[in-house]
Amino acid sequence: MNESTTPIMSPTDAIKKQLPLTQSLTRYLNTRCSESVLKQLSLEVEDSSQQVKTHIFFDQEHHRPTSARSYPIVYQRKRIGALNLLKHADLPGTSPSELTNLSDQIGILVKRNAIQTLSHQYLGKSASLQGYSDQILNLEKTIERIAAKLCPVFIQAESGSEVIDVACSIHFSSYAKHHPFYEIDCASCDEEDFAKKLHHINSSMNQGCIFFSHIDALSVSQQKYLLEQLTTQSNNATSYTSKIDLQRVRVISASEQDIQAMVDNEQFLPSLWHKLNFFNLNIPPLRERPEDIQEMVEQLSELYQLSPEQHLTEQAKLMLKNYRWPNNVAELEKVLLRAFTLAQENNIGEQTLATIYPQLAAATDYSLSNKQCVDHLLVGNLTPFQKYHPSLQKALSFIMQNWQRDISLKELSANAFVSPSHLSYLFKRALQRSFKQILAELRIRKACELIEHNPNLRITDLCMEVGFGDLSHFEKIFRRYTNMSPREYKKKYQP
Numbered sequence: 009m010n011e012s013t014t015p016i017m018s019p020t021d022a023i024k025k026q027l028p029l030t031q032s033l034t035r036y037l038n039t040r041c042s043e044s045v046l047k048q049l050s051l052e053v054e055d056s057s058q059q060v061k062t063h064i065f066f067d068q069e070h071h072r073p074t075s076a077r078s079y080p081i082v083y084q085r086k087r088i089g090a091l092n093l094l095k096h097a098d099l100p101g102t103s104p105s106e107l108t109n110l111s112d113q114i115g116i117l118v119k120r121n122a123i124q125t126l127s128h129q130y131l132g133k134s135a136s137l138q139g140y141s142d143q144i145l146n147l148e149k150t151i152e153r154i155a156a157k158l159c160p161v162f163i164q165a166e167s168g169s170e171v172i173d174v175a176c177s178i179h180f181s182s183y184a185k186h187h188p189f190y191e192i193d194c195a196s197c198d199e200e201d202f203a204k205k206l207h208h209i210n211s212s213m214n215q216g217c218i219f220f221s222h223i224d225a226l227s228v229s230q231q232k233y234l235l236e237q238l239t240t241q242s243n244n245a246t247s248y249t250s251k252i253d254l255q256r257v258r259v260i261s262a263s264e265q266d267i268q269a270m271v272d273n274e275q276f277l278p279s280l281w282h283k284l285n286f287f288n289l290n291i292p293p294l295r296e297r298p299e300d301i302q303e304m305v306e307q308l309s310e311l312y313q314l315s316p317e318q319h320l321t322e323q324a325k326l327m328l329k330n331y332r333w334p335n336n337v338a339e340l341e342k343v344l345l346r347a348f349t350l351a352q353e354n355n356i357g358e359q360t361l362a363t364i365y366p367q368l369a370a371a372t373d374y375s376l377s378n379k380q381c382v383d384h385l386l387v388g389n390l391t392p393f394q395k396y397h398p399s400l401q402k403a404l405s406f407i408m409q410n411w412q413r414d415i416s417l418k419e420l421s422a423n424a425f426v427s428p429s430h431l432s433y434l435f436k437r438a439l440q441r442s443f444k445q446i447l448a449e450l451r452i453r454k455a456c457e458l459i460e461h462n463p464n465l466r467i468t469d470l471c472m473e474v475g476f477g478d479l480s481h482f483e484k485i486f487r488r489y490t491n492m493s494p495r496e497y498k499k500k501y502q503p
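For the sequence shown, the numbering used here assigns the number 9 to the initial residue and increments by one for each residue that follows.
Don't read these hints as lab results, they were simulated from the structure. Virtual Cβ for every residue (Gly too), placed ideally from N, Cα, C. Warning: the hint list may mix true and false statements.
Taking CB as the label site, the calculated pair distances span [said to hold, decoys possible]:
no.	residue 1	residue 2	range
1	S227	S429	33 to 41 Å
2	T363	P334	15 to 23 Å
3	Q352	S229	48 to 56 Å
4	T321	E296	24 to 32 Å
5	S167	K133	19 to 27 Å
6	S429	P334	23 to 31 Å
7	Q440	K418	17 to 25 Å
8	E296	R346	19 to 27 Å
9	E52	Y433	45 to 53 Å
10	Q215	D469	55 to 63 Å
11	S315	Y183	39 to 47 Å
12	S227	E52	47 to 55 Å
13	T321	K232	48 to 56 Å
14	D193	K86	30 to 38 Å
Using the sequences plus the hints, can you model the full thing?
So, in structure tokens, the structure goes:
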């Protein structure tokens, strides 16, 4: 039995010393739960990478052996642990529905750890998704269901996205996880190479997974050849065949292009597309999940640091978070590898990043323009917005006057005398953010002002005062915009 004691709001150095599974779960729960809730929780999970059960307690002072309520942690209908509430408490975030949802997400992270272990064992490198955004966790929840069925999967993603991580997550979550995983990069194969690779793979496996990346790069003749190799006619259990038996081998394909548009333009065979597109997954671009960047930066920093003394400043991390990442995770990896390799100083700041990768300088301007937008709303100054569309001006005025209320896009568009879809377009085009993002930052800035004026204000009262009905959500959003918890921010102003 392996027992780990995990501190609340663990410092980065403390988290690094923990086992990988404990480390991942600690980071995740610190983003989802308040300190008071964490003190009432414990975890009991099966760590397949260590072949032991891991017990995690979040209250350093007391390890209570019994629990008031227990919620099973399940993956693919198999119990792999339990989330325990140590005593009955009327705290935000501890309702049965909230804890059930939390246990579901913990199950995904436990499996993520197992995928990292298996991919490192069989492929020589760890491959799994990173981050705790709702988009990524929902994607992994879909993968959990898809992996249980042996059917083809198509992955749609922008350049530089985590297609190999998604493909590995599917394979290593399936019953065939101990069978071979092969990747064929269609963009790097001519017709002869493609046929040779496919023949070699087919002749050496009768179970497992074949991943075709850049499937859109196949010529029409290559598409025809691949279509000929796909069959649903099973031979006996031990024989090998020169074709891909879809009843024994999973086929995963991925593309940055719109394959359906290629089919419509007669650039891709509809019969092949029909075979490949049984399940369809879409990887959200990194710019749509900025909260994942911080976790990725932590993981990649550990990988690329030349020495433990090297680190990024908070301002440098904020610069990375504000950048749009047109080439997604691959671009982030490249930037961090350059930074840790080329930086002359251990303390890597904004100026160093901008020198090493000039494109990041634009992110600083973007961040400043957004900050100024909220600055004007804070003081009730609408004059700078007069250059914008009249409906956008009306919407900003409504937000400024009603920021404490629960505003919907429908209500906001009605007051701006424009359709909801067009108003969303106006916000994105002029301000590069949604109204929800602007409203959230405005509320957090108001919260900061209230703390600065009265650092002894209770966090629960502060949460309600600035328009948040859920304490855990408030703390999550506060950390997103300030890189610290409300309690940490209060300490800055307390005598």
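Distance restraint evaluation - S167, K133, Cβ atoms, bounds 19 to 27 Å: Since the Cβ atoms of S167 and K133 sit about 20 Å apart, the hinted range of 19 to 27 Å holds.
Verdict for S227, S429 (Cβ pair) under range 33 to 41 Å: 39 Å, holds
Q440 versus K418 beta-carbon gap, inside 17 to 25 Å or not: Because 22 Å falls inside the window, the suggested range holds.
24 to 32 Å as the expected CB spacing between E296 and T321, which holds or is violated: 26 Å, holds
Range hint 47 to 55 Å (beta carbons of S227 and E52) holds or violated: Given range 47 to 55 Å: holds, Cβ gap about 54 Å.
Supplied distance hint 15 to 23 Å, evaluated on CB atoms of T363 and P334: 20 Å, holds
Cβ distance range 48 to 56 Å for Q352 and S229, holds or violated: Given range 48 to 56 Å: holds, Cβ gap about 52 Å.
Whether the CB-CB distance between S315 and Y183 falls inside 39 to 47 Å: Given about 43 Å between the Cβ atoms, the range holds.
45 to 53 Å as the expected CB spacing between Y433 and E52, which holds or is violated: 48 Å, holds
Outcome for the supplied range 23 to 31 Å, where the beta carbon pair is S429 and P334: Taking Cβ atoms as reference, S429 and P334 lie about 24 Å apart, which means the hint holds.
Assessment of proposed distance window 48 to 56 Å (beta carbons of T321, K232): 55 Å, holds
Range hint compliance [Cβ, E296 to R346, 19 to 27 Å]: 24 Å, holds
Checked against the numbered hints above, the structure breaks none of them.
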